[in-house]
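Number of protein chains: 4
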Amino acid sequence: MSSNEQSNSSGSQTRRNILKVAGTAGLAFGGRLAAQDIPPNHLAPRPAPQSIRPLPEGRRTFGYAIIGLGKYAVNQIIPAFAECKHARLAGLVSGDRQKAERIAAAYDVPTKNIYSYDNFDDIKNNPDIDAVYIILPNSLHADIAERAFKAGKHVMCEKPMATSVEDAQRMVDASRRANKQLMIGYRCHFDPITQRTIELIRAGHIGKPRVITTENTDALSVEDPSGQWRVRRALSGGGSLMDLGIYGVNASRYLLNEDPIEVTAVIAPSSNPIFSEVEDIISWTFRYKSGALAHGNSSFSTAATSRFGIQGEKLTAVMDPATGYYNNTFKASGGDEVHVLQDPMFQIPALNQFSAQLDHLPEILASGAPSKATGLEGLQDVKLIQAIYRAAALRRPVSTDWGDWRKI
Amino acid sequence: MSSNEQSNSSGSQTRRNILKVAGTAGLAFGGRLAAQDIPPNHLAPRPAPQSIRPLPEGRRTFGYAIIGLGKYAVNQIIPAFAECKHARLAGLVSGDRQKAERIAAAYDVPTKNIYSYDNFDDIKNNPDIDAVYIILPNSLHADIAERAFKAGKHVMCEKPMATSVEDAQRMVDASRRANKQLMIGYRCHFDPITQRTIELIRAGHIGKPRVITTENTDALSVEDPSGQWRVRRALSGGGSLMDLGIYGVNASRYLLNEDPIEVTAVIAPSSNPIFSEVEDIISWTFRYKSGALAHGNSSFSTAATSRFGIQGEKLTAVMDPATGYYNNTFKASGGDEVHVLQDPMFQIPALNQFSAQLDHLPEILASGAPSKATGLEGLQDVKLIQAIYRAAALRRPVSTDWGDWRKI
Amino acid sequence: MSSNEQSNSSGSQTRRNILKVAGTAGLAFGGRLAAQDIPPNHLAPRPAPQSIRPLPEGRRTFGYAIIGLGKYAVNQIIPAFAECKHARLAGLVSGDRQKAERIAAAYDVPTKNIYSYDNFDDIKNNPDIDAVYIILPNSLHADIAERAFKAGKHVMCEKPMATSVEDAQRMVDASRRANKQLMIGYRCHFDPITQRTIELIRAGHIGKPRVITTENTDALSVEDPSGQWRVRRALSGGGSLMDLGIYGVNASRYLLNEDPIEVTAVIAPSSNPIFSEVEDIISWTFRYKSGALAHGNSSFSTAATSRFGIQGEKLTAVMDPATGYYNNTFKASGGDEVHVLQDPMFQIPALNQFSAQLDHLPEILASGAPSKATGLEGLQDVKLIQAIYRAAALRRPVSTDWGDWRKI
Amino acid sequence: MSSNEQSNSSGSQTRRNILKVAGTAGLAFGGRLAAQDIPPNHLAPRPAPQSIRPLPEGRRTFGYAIIGLGKYAVNQIIPAFAECKHARLAGLVSGDRQKAERIAAAYDVPTKNIYSYDNFDDIKNNPDIDAVYIILPNSLHADIAERAFKAGKHVMCEKPMATSVEDAQRMVDASRRANKQLMIGYRCHFDPITQRTIELIRAGHIGKPRVITTENTDALSVEDPSGQWRVRRALSGGGSLMDLGIYGVNASRYLLNEDPIEVTAVIAPSSNPIFSEVEDIISWTFRYKSGALAHGNSSFSTAATSRFGIQGEKLTAVMDPATGYYNNTFKASGGDEVHVLQDPMFQIPALNQFSAQLDHLPEILASGAPSKATGLEGLQDVKLIQAIYRAAALRRPVSTDWGDWRKI
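Those protein sequences? They're chains A, B, C and D, same order as listed. Residues in the first sequence are numbered consecutively from 920, following the working numbering. Residues in the second sequence are numbered consecutively from 920, following the working numbering. Residues in the third sequence are numbered consecutively from 920, following the working numbering. Residues in the fourth sequence are numbered consecutively from 920, following the working numbering.
What the hints contain is simulated information worked out from the structure, not anything from laboratory work. Ideal Cβ positions, reconstructed from N, Cα and C, are used throughout, including at glycine. Among these hints, one or two may not hold up.
Covered by chain D, per the in silico footprint, the following chain B stretches (three or more residues, Cβ under 8 Å) [as the list claims (entries may be wrong)]:
no., stretch
1, 1183-1191
2, 1217-1229
3, 1303-1317
Chain A extracted, bound-state conformation:
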């Protein structure tokens, strides 16, 4: 047994310490390396070691029912429960009973907790289920969310939360009426590199960010069933912007910590018949009161790209990849120096993004802390996406100066 293989928990402690130093002292990039920050014995910053990182909480008490058993649900979310501290997979909702039973068997979900869309409303009587997680085509989110709230459950919903502002608002209203949480599945908010990037920017390490460029693309496979609904407007509500561009829309806001006041946009006409209902390539530019600009583009016909440029007054930075499931990287440079944040080699990120997201809901319910990914956050993105589409259609700038959505 090697000590490389033992370095995990002290490693993550170290990271936490670094963050604390950077956070409180608010100092320069890399803080720890200046002489006064380095204790004489370099091992000292390693905290009292602990052999064991927090165990999952046995019978984890917060039960989710997953609505929709597509690839993302089955390949990413459901396995991620294994790494959760507070949440467990407690139920499944699907129109495909057989598939649901196979998954239930694999993950020890009692068959009594399998629901169809017909008997879904009975879920209100099932105390195993505290929340539902909606992983359906976009246009189906609002109705099932309303039903879930009516059944007295909290709701986690994949992004984009809805295909219209009205639907999104309806979901927010239903959440308020039911006095239940509505959380949107913005997984990047739970990515450690994204979190530290935001901290570094807020602490001023790259200077004031002034120009953002986001690129989120993937070549859609239409043979893939999941590719098919994405190009049918009735289900998706739009094309690459709904599916991929939304990462850039959301990121522009968290990187700049400001909402845009105006948008212009361009859609590239496609001659490919699979894009007869929704856009393939789209590009938009947000203008901000502070004088910043944010450009984004998304596409369904170019190879997977996930890159954010963040131009600050002191340093210029790039995240590439920016929105991966893991392995995201932040690189800030100026002159002949480059500073990089990346996942360390002996600390498994595993399902962290996903597990952390799943744990977030029970955590804020227990602590009363504000959610990182509220329905209002999701609503704002839906509004911005609709404004982008409008600007592209009208071929002129469209105002997005709606006041502070956080105060709605």
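Position chains B, C and D against the provided structure of chain A, taking the given hints into account.
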């Protein structure tokens, strides 16, 4: 829900295809880039999509009891069962009953399957347990392995498998007598980047490899309980070489596909009293019949390094990190071109190395395929490690020309 | 003396060979990696070695007079003559006689070849001077170019060639009347990484490029004299777009091999008084007949950024830096593979970009080959820049569908 | 004209601003950035932003005669004079009169300053020549150096300075007798990344370095005339160690700031007949009084590798490439942070290494400052190289504990 979030299974399919192309056609680096390999429609290489990757097998049938509940067991191995297809955590063996009960509760292990070292031999009557996984200080491996074989169980054992050639041989013999598998925990053999690196080298893409350099170091924290036994010779059998250098010893062999015929070695005397029993920094050089050389070093007092240089006749390559839990990278360069293999951004490696290692034992038992990490493999490393120590002590080259261990 | 230090000419031979292979066979990435391109003996691609790379041509026969002795002239262009094969520094034109004399002394330029703007027209009688190179504030280019053509000299002119379409057209017309070459200083066309990037794209290695993103920024120092004229509209004709964004405008065209048909643009209002005359941050989006989009931004208030994203249907690529004086890098990725072009470590690029640009003019004059950077090329960029400004002012798309400028 | 092209001094302004910020906050990485580590004057070389960087000194007064007109002389050194501030190419010494005349014509060297080996001693009467630069096969260095000293000239000599300790000592003695400088062509000492790496290590930023690994290889082309003498012992004095390994030998010393006390070494026997006289692959390990170890290897049959691993107690670092003509990179990492030093994109390193080396000799002659690359430095490397060969031959450790050579 975004298609980035749906790209996983087609992504891994793509990777598999690439490998096949590279393997059979023996063509260009990465296969897909040669003109004849690129179908006219770029979407075509994506195989018929499948929504769902293979589900875990519900009640996974192959049960492991973990022996030793230190950090590596609790933080890496035990959580990795969640991603296994065939294996499950079925029992725990520990001298600390309370800790074992906490872990059992968190992972739904029945308390009846908790053993102490006193009643460990009763495990033979427990049909839930098919194998044990020994994650104890090195010198304790052999005895408990013998007891496990006597109890009729298969044995997975952490590396180094033993602190002496005699102990290692005793384990191999016990395995044969019991007719049960002995597998050593060489996790890198299950790392996808390592696997593809080996394939690329064997296929001749970097030319014949002639010089290997391996560096495996980590600054040991002696406040950490796991750091303490590593510097006590009676438990560890040696210092950084046993713990970290073994990665390089093993890698030199799989990168060159050849075993050394001679070794020289140097130990740097340390004035640090914590290294009074075992070496801190050690360096060795293997000489090979083919004319290759492999250098390795390991250290307990320098910051975490995990780098392999692989000098081929056509291209020069580096893995950095080479032995991380994930995120390993292979980079081959020549002239002004660089080719990199890395984990793709939208495919979670998660616990793959670990889960794949745990699944390997039931898989070879079912298929009769040869093991990737046999006891004989482990024995050869123990012999080489002892030869390194001898060469350092004698201050002269020591022969390791023992014939082909695979034929023993 | 080490062979590393001797590897230069075989190295550059190798590169040349690779290019040839890629160019003619049109095969795998970088040519050499496809099976049929790899000769059995890996040393074979190294051509018959030659000890000596082409010597400069002693008294290089083509004489330039540099007009304007600012930083770029003195720090980059004038020293670059040392690496030229055909061109030499033959004269200086400046309003600052003392400075001109200092430079003349340092570079062995006869004082008789120093001109002021008053006596500049006498240059026509000076047979030492074959061409002038105009490195003045943008609005001063056209008049002096006309005078140079009248004096019977060829003209190299820094980009942007002019501050209005009329001025640019006037320069093109004067060139035709005088039957002398007009070449614009697009140094990237002479960067080896840029050249190979274009070849790779044209050969289809990343698939059809569909989305381009260009970022070119630098924090302007107003204490620097060269910063001052850049924010005075009468001299610069505009802000960051004229100065930096032009790289992206030009690159969008050479990367896509197509000219845009429409542009939209946004200028971020600045509260900084130094930007009272010209824009600081600007962003634009070109739409192309083929269905491609190209986004660009430039800024005078964010740290130096020089990055091009090139999304192809097969691979996604990034150049970062894209427009450095040297050291530019092209990285194409797909799945888990990354392919990189970069300057090799044992081949000095030195002043290559600059020297190659200076040599280009005498080369095309001698060979009759078409110029890589004609006045018409420069005129097209001036027209596009003006269209960007108009689109920003009008806050609506502006057509740039002017037909093929190459046929004008 | 673009400000990227003007960014040299604004670039340094930006950097200065960053430095100021870092300076007041007192933190950031990079050694130079921590306030206390910045000597008051290190900013001094950067002038108050000025349009013009220092001009070469017209008729540069210090004249070199180059002895030996092989590739390295013609392709690297001779062109580098163009960037020198103090030195000029004043003479040529060659057995090939025609070649010398061609080069003289290209670089405006008067033919009277061309010498053969027959009339070389007449150089003493030539006041144009202040120093000679010997770029000949290794075994020819000592005799011609003695003749040059006798002629009253300073001597710059390529490394390795000689093929035996006796020859090296003879050169040192001749230098003393003649009271003329003997400088060895260790170009890495003039590489800016190497210089900053050394500063960072000395300032403690990676902690005490304990383990060094150096790899310097290149596949020798025997068709190349320069490859031929390298494998003839009478000319080269040895194989890859003399030619490439010497970089690692020298670097181990400047990275650790300590000389080894003992060496072990291994030569891999080669079956390739071209290596019948000298070694192809060799590996050595230095042991240091401080407890550090340094491993090095070199090879003539593997693709170009130039990598130094530097394991410190706090951070682990790598230079890759480490000894390129430019473009060298230093990367230090710990946990999830990586800090990189690299050549900036808008500052041409051009011929800096070489020009700076050429200027160094007149500079120390003028200032009386100590040389960075003395004959004693070269002698120490020759002694270490001979010790490596001896250790390999004797197959046992060889002492190198000769006391401090700096005090000889």
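Okay, the hints, checked on the actual structure:
Note: the stretch 1183-1191 of chain B has 6 residues with beta-carbon separation from chain D under 8 Å; the three-residue rule is met and the coverage holds. Note: the stretch 1217-1229 of chain B has 8 residues with beta-carbon separation from chain D under 8 Å; the three-residue rule is met and the coverage holds. Only residues whose beta carbon comes within less than 8 Å of a beta carbon in chain D count, and the stretch 1303-1317 of chain B has 3; three or more means the coverage holds.
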